[in-house]
Structure formats: structure tokens, C-alpha cells
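K.L.:
Residue numbers (numbering that gives the first Met the number 0), protein chains in the order written: chain A, 0 to 343; chain B, 0 to 343; chain C, 0 to 343.
Please keep in mind that the hints were generated in silico from the structure rather than gathered at the bench. Misleading hints may appear alongside valid ones.
Note that the list lumps identical chains together, so a pair holds whenever it fits in one copy or between two copies.
Dumping the calculated DSS-like pairs for lysine-lysine here, alpha-carbon to alpha-carbon at most 25 Å [what the hints assert, rightly or not]:
| hint | residue 1 | residue 2 |
| --- | --- | --- |
| 1 | Lys13 | Lys200 |
| 2 | Lys200 | Lys338 |
| 3 | Lys321 | Lys337 |
| 4 | Lys341 | Lys55 |
| 5 | Lys338 | Lys13 |
| 6 | Lys321 | Lys299 |
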Amino acid sequence: MTQRSISLADIAEKIGATLVTKLVANDDQLLVSGISTLELASADKVTFLANPSYRKQLATTQAAAVIVHPDMQDECPVSALVMNNPYVGFAKLSQLFNNLPTQAAFIHPSASIAASADIAEDVSIAANVVIGEHVHVGSGTRIGANSVISDHSIIGEQCILHANVVIYHDVVIGNDCIFHSGCVLGADGFGFAPDAGQWVKIAQLGGVRVGNQVEIGANTTVDRGALGNTQIGNGVKLDNQVMIAHNVVIGDNCAIAGTAGIAGSTTLGQNCTLAGGVGVVGHVNIADGVHITGMTLVSKSIKESGVFSSGTAMMPASEWRKSATRFRQLDDMARRLKKLEKNQ
Amino acid sequence: MTQRSISLADIAEKIGATLVTKLVANDDQLLVSGISTLELASADKVTFLANPSYRKQLATTQAAAVIVHPDMQDECPVSALVMNNPYVGFAKLSQLFNNLPTQAAFIHPSASIAASADIAEDVSIAANVVIGEHVHVGSGTRIGANSVISDHSIIGEQCILHANVVIYHDVVIGNDCIFHSGCVLGADGFGFAPDAGQWVKIAQLGGVRVGNQVEIGANTTVDRGALGNTQIGNGVKLDNQVMIAHNVVIGDNCAIAGTAGIAGSTTLGQNCTLAGGVGVVGHVNIADGVHITGMTLVSKSIKESGVFSSGTAMMPASEWRKSATRFRQLDDMARRLKKLEKNQ
Amino acid sequence: MTQRSISLADIAEKIGATLVTKLVANDDQLLVSGISTLELASADKVTFLANPSYRKQLATTQAAAVIVHPDMQDECPVSALVMNNPYVGFAKLSQLFNNLPTQAAFIHPSASIAASADIAEDVSIAANVVIGEHVHVGSGTRIGANSVISDHSIIGEQCILHANVVIYHDVVIGNDCIFHSGCVLGADGFGFAPDAGQWVKIAQLGGVRVGNQVEIGANTTVDRGALGNTQIGNGVKLDNQVMIAHNVVIGDNCAIAGTAGIAGSTTLGQNCTLAGGVGVVGHVNIADGVHITGMTLVSKSIKESGVFSSGTAMMPASEWRKSATRFRQLDDMARRLKKLEKNQ
């Protein structure tokens, strides 16, 4: 792949840091070719110190420069890129070295695009993409190979759909979104009415609405609404294999980690985080700023921000079996304890 | 999208309700254009009252008509569609307004269809579909863009395969089934024999057999059998991202919610439901009519119908940590409690 | 499908067993056409006895031959294929009857292959496959319909990619690997820096490195590294819908069952097994030979081999609710128990 080189002065400007050179004159014009860790960085790399537990590695780093907080500037033995949030600096720096292959604004001849589709002029559409009737694709958007967008859906500007993404009909997506391979937006919600031991399908008549700056991971699914829409707010980040059921509403800037799932009609406030494997039951409301630890089952509404958990701690299986057996007896134990207290 | 309009009289006939008009003459010919909730419905919409907790919204609804139980008929301020199971009425009504884009009976020229495949005359095959040798596709079935059906598989009549569905070889599917995007039927079961620290692959020689009226959600996977088939009964509904391992047998009319998984060779009876995130271990038998609550691990066979659970309730993380610590000490606590009782 | 027939003598040679015929002369030339269970096998099938709990079925089996341990040889009423590890024998036997449709060494005319890609001569590439710039595909590898391989990735020799597999850029895969449909290798890891309530994307600059003899299940996702690579060792087997986050390192010959997930930067030793639904938190180290039971949350590093669990046992929901309620009170119960002991 092509190697990029950027001067420290350019980096400072682009990430919003103050460059403090330490070694020799013209260090600000030193070209660096990538990012590494404090420990492994060579003299042509930039690194960063965000987590205090790596502080002791600062003294011996071989990097060309380190993104550091002002408090750390004096300890930095090499050029310092000084800013208040070095981790954000690292994030911005990573984007300067982004190696995602470019996809030219070009419509591959094997793409099948309905005559009624409205494709902006500088869109890139890769091989075997299929686009339905009355679809709109905004300018600067790129659609990866073998992706499918069904009728009446709208994709905003500057979006990236990687290969094999499926967008069903009546899905509306904002600008600057990223969709990873295998994700599916707008499949039917899981709705059936029981009728004498059988299930009668409830046609899922709603759609999906996705805000701006949303990223959706590989093989994640966001179902269409039954009546009304499933809604994903601005700035929401969904990891891989996340499952969002019909009519869920996710507030702005939530982040949901891999294999988590939210059941139907649940509402998440803004700036919530769900760790990996979390499940949220249907028809509950979660307040703003709620954080759920890994593999917790959220079984009811949460009215105030905070951190919530369920489950038990990991143990050697032989000991765990004893605790699990006693768990069944817990109510009995509690009653016996109370009786002992009474008899005292 | 095209707007449908249906008269109340037509609706009554098609959902099996008795229309009781309340407002003016000729209300039975009133055209409605969609479905909404009791609270939000405008005068051109039909709604329903199935959940008693919404009863108080009935008095003020603006809907053209409400599907109600006979007991509620007198309370209904607008035209009533009276039937014993209003939720089933809603389900049937939703199908009248189904807005899934139609796909004409047409074979897209970009489809790759093996010469030996047997495709009924009124089948719809979208762009880039790939169909292998000796495949049979029944009449009225539509296959979405970029789906793949491998050799010797059989798809029944009136099925819908959405975009990017994969059916491996030797998978037999009944009639009136729906397969959502990204689902995979017939991938190899997870079978390996340990041999001196390495794994020897067990070729998965069985297939998959799927009944009629089955719906399979987006990115769900149903593995082929090792010897013999994995079997999905009639009327089974699988939500998104469900994992069905090799040689599992699922009885008729089971419904399994998102991200649930069933390990190899387990048998589920009829009319069971697994909530989201449930796991069932391998080689167990679950009776008819068993219901498992969210994220439960089913660790052994269940011989009678009923509701089953595992896990712990959600708590603020700071309190949860204390309970989790004590969980490790449960066996010790139980012994100490017993000792106190003895010493009493 | 074509029926295979193999003589018992050939089977013995190919699976490394000693054939001991019991019935008549020339039994070693008896042709068998498949594999079945001890219970169901007919006279043209071979079966095996690996699990002692099926021992009683040996006496009445109708199979042509049974793969047995030397200790069982005398009890076998039919021809015996004697070897120390009958289950490995069964695995090898299954491969002799593998019915996976063959895919001729042929490049389908609908495949889109970049001019700079380097495709070995005897590679099979199915319909609608898309291969990017500078990709290398090794000899004997077959790529299923509608799969996509992005720029600069390398696929080794004798690999099988089933339909609809997606390999992003800069993913390097060894030899003799199997990738099932819908799996995605190299999507972005889930990395964002929080900045005043919003998330700044961390470009994921690393790749994925996969060893030899690796099998990856349907709809499994393995993310690319942030800096440095995500690594999957030799002989690793991942079941369906497994989620491997960025910079995870998985040691040789680990086996991970369906819907399990491993969070970022965690390292798994060699020969570990994770049962279905297991979650492992990020940034921990798991020793060699660790086994985790179903749906356990691995919340910290594990320094020695062993079996580990979390969670609670399944119960009828009505009883479970009582235990779950008491779980919240556990710390209080423990304090009260201690007090009783003091007051004794």
C-alpha cells in the first residue's frame, strides 16, 4: 500500500495540538509515516500517551513525537504534540493515516440501478450493486460490491457502505454514515399474533430512520418498525452483530458493543453505552447517560443515569456449581436466617 | 409509495370481524388508508385495542374504526370491527396494507442459473442470483438480489427470499416461507474430533429440512446436520441472529427471539418460545409448550411445559458487585447457617 | 447426488484402522455407501462407537462395520475397524463421504477481478465474485458466489470460501482454511474517542492475520486491528456468529462455539475452548488450556488452565424470581449471618 508521510507541523495543525520540538532545528518539518505505541514506535512514527498506566514508557520512547496532555509535556523526551485530550488527538491522527482503499466516483457496469433511482453525480457504485426504484443516493457516497438498496430508500451524502450491505425499502439514512459488511437495515420486525397455537404474521409497515455520523458494524441488524419507524439518533455507534428490534429508539451518541440486543419498542436516551452481550427487554425506557456492563440483562426501565449490572462473577467451575446449587436455595436460606434472628 | 385505500366493509370481511358503524350512514363504504395506534390514529386510519392497558385511550380515539373485542364494543366511540381476537385482527389488517415492494415474475438477465435447475414458470429471480445444479424452485417464489442457492436444494412455493440469502446444498424448504437478508441455511455444523491437541474436521453430511410457513430472520444461521438433518417444523418463526446448530429439531410453531442459540442435537417440542439471548445446551430435550425468559441458559432437559429462567436481576453496579462477591461465598454461607441452626 | 462406494479395506487404510472381518470371506472388499449411527445403520453403512453410553447398541447393530477401540473389538458382532481413537476415525471416515459439491477450477465470466490481482492457475472463482487490487489467491483455493475480497489481501492455498464471504483489505489468510457464508474478516474495530459527548472515530489501521487449517463459521466477524493486527492462530475453529474484536490474539487450536464474543486486545492461549454464548472482556489474558462453560462472562485474566463458569442454574420462573430477589439482598444476608455468629 502507498506510504503516507506527514510533517509534525501538519499533524499539529490537523489534530489541534501545539507542537513543542525538543531535538533539533526544523523538527517541525520532520516527516513521519505512521502511528505506533509508546513502547514500539520507531523514529518515523508518532505515538500518544492517553492512559496514565503507560506513563513510565514515555521516558524511553523512540517515537518522533508523542501526543501528550500539557501536564506531561515536560516529561516528554522527544517532540511533543500538546493538547488537552490526547486520545482525541490520537483518533484524529489515525484518520490522517487511514488506509481504507479509495473507491473512485464511478458506476461499475455490472451494477443494476433502477431507472427511477436518483444517484448524485459523484457517487461510487461498485460491482454487482443492486439499487431499486426511487432510491436516492447522496453525493460523495460510496457503495461497496454486492450491496443491495431496495425501493424508496434514501442514503445521504458522504456515506460509506462496505460490501454486501443490505438496505430494505423505506429506510432513510443521514450523512457521513458508515455501514460495514453484512449489516441489514429494515428487515421485518419479529411480530406475530398467536391464533390457536399458530402465528399470524404482522406485516411490518414502518421503516427505519438513521441520523448523521452513524456507524453500524458488520452483520448488525436493525429491523423496520411495525407501525412507525425504528430510529437511530445522530452519532450513534453500533458494533458488530448488534440486534436492534422494531420500533426501538436510540438517542444521539449512544455506543453499543458487539452482540448486544435491544427488544422491540424500547427507548434509549442519549449518550448511553451498552457493553458486549447486553440484552435490553422490550417496551422499557432507559434514561440519558446510562451505562450497562457486559452481558447484563436490562429487565426494566432505568430512570436515572448510572452504571448497571446483572449476572455473577466467574469462578472455577467446581466452585461455581456449589454456588449455583445454593442460589436455588436462596429464598429458603433467607427465611431460615430470619427465623434464627427471631429466635435469638 | 402507492397509497392503498380499503373500505371498512372490505376490511371486516377480510379480517373476519363484524362491522358496527356508529357515525353516519354509509360508514361501511368509508375508505381508510392505513393503520395507526389508538392514540395517534387520524380519521383515515384503522386501529385496534388488544392490550387492556390502552383501554382508556379508546374513548378519545380519532380513528375511523377500531378492532375491538365484543366486550369493548359499547365503549367504542367510532365504528367498531368486532371480533374475539383483536390482535389477530390487527395482524390480518396489517397484511392488507403490506408495503413490501412487489417483484414481478421475471428472471433478471444477470442471474446465473445452472442448466439442470428446475425453476417454476412464475418465479421471480432478481439480479445476480446464483442457482446451482438440480435446484428446484417452486411456483410463486421470489428470490432477492445476490442470493445464492447451492446444488440439489429445493425451495417450495410462494416463498420469499430477500436479498443476500444463502442456501447451501441439500436444503429442502417447504411452502410459504420467508427468509430475511443475510440468513444462511446449511453451513457446516461445528464438529471436530480432538486428536493430540488438534482438531480433525467431521464432514457434515446431513442437510436441513424446513417446513411450511416458516420465517427466518436476518443473519440467522441454521447449520446442516452431521449425520441426518437439522429440522425446522411448520410455522416456526426465528428472529434475527438466531443460531441453530447441527441436528437440532424444532417442533411446529415455536418462536425464537433475536440472538438466541441452540446447541447441537437438541430437540424442542411444539409451541415453545425462547426470548432474546436464550442459550440451550446440546443434546437435551425440551417438552412442548415451554417458555424461556430472556438470556436464560437452558442447561438440561425440560420434561413439562412451563416458564423457566436463570440469571440475576439487574442492579446498580456498585450494589451488584457486593452481591456478586457474596455469590462466591454462598456455599460457605449455607454451611454456616446450618451450623447456627444446629447450635441453637 | 452421486453415491460413493468404498470398500472396508480402503476405509481401514484411509482412516488408519485395522480391519477385523467377522462375517464371511472377502468382507474386506465389501462396498459401503455411507455412515450412520449404531442404532440406525443398515448393512451398507459404517458406524462407530466413541461414546461409552452407546455401548449397549453395539450388540445389535446392523452396520457393515463399526469403528471401535481395541477394548471393544471382541464385543463387535460385525466387522470391526479397530483404532485407539474411534471418534477421530469417524471424522476421517466422514471426509471420505464428503458431499460438498465440487467447484471446478474455473473463473466465472461474471467475476470482477482487478488487473493487478494475482490468481493462481487452478483457482475456482464463482459467479459475481469481486476481487480487488493486488489481491493474491493461492492454488487450489475456491471462492464461492458473490464473495468479495478487497485490496491487498492474501488468501493461501487450498482454501474454501463459501458464498457471500467478505474479506476486507489487508487480511492475510494461510492455507487449508474454510470460511462459511456471511463471515466478515477485517471490518473496522469498534474504536472511538469520546469528545464532549460525541465520538471521534479511530481509523482502524491494522489488519487481520489468519493461520493455516482455520475454519470460520457463518456470519462470524473478525475485526481488523487498530494499530497492529488481529491474529487467529493455526488450527483455530470458530463456529457461527462468533465476534472477535480488534487486536484479539487467539492461540493455536482454540475452538469457539456459536455466538461467543471476545472484546478488544484480549489474548487467548492455545487449546482453549469457549462454549456457546461466552463473552470475554477486553484487555485480559487467558492461559493455555482454559475451558469456559456456556454463557459465562470472563471478566478477568485467567492464569492457569482449568474450567470456569458464571451465571446461575435454570429454574422454574416462579422460584427463580424468589432467588433473584434474594440475590439483591445477599450482602445484607451475609452481614446478618456474621452478626448471628458473633452473638452466639
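K.L.:
If the cut is 25 Å between Cα atoms, do lysine 200 and lysine 338 qualify within a copy, between copies, both or neither?
P.N.:
Classified as neither; 53 Å inside a copy, 58 Å across copies.
K.L.:
Up to 25 Å between alpha-carbons, please classify lysine 338 paired with lysine 13: within, between, both or neither.
P.N.:
So lysine 338 and lysine 13 fail the 25 Å test inside a copy (69 Å) and across (62 Å) alike.
K.L.:
When no copy is named, should lysine 13 and lysine 200 be tagged within, between, both, or neither for a Cα gap of at most 25 Å?
P.N.:
Between. Shortest inter-copy distance 15 Å satisfies the 25 Å Cα cut-off; intra-copy 53 Å does not.
K.L.:
As a check of your reading, is lysine 341 near lysine 55 (CA-CA no more than 25 Å) within one copy, between copies, both or neither?
P.N.:
Cα proximity of lysine 341 and lysine 55: none, with 57 Å in one copy and 47 Å across.
K.L.:
Using 25 Å as the alpha carbon limit, work out where lysine 321 and lysine 299 are close: within a copy, between copies, both or neither.
P.N.:
between (29 Å within a copy, 17 Å between copies)
K.L.:
Is it within a copy, between copies, both, or neither that the alpha carbon of lysine 321 lies no farther than 25 Å from that of lysine 337?
P.N.:
both (23 Å within a copy, 15 Å between copies)
Hint violations for this structure: numbers 2, 4, 5, all remaining hints satisfied.
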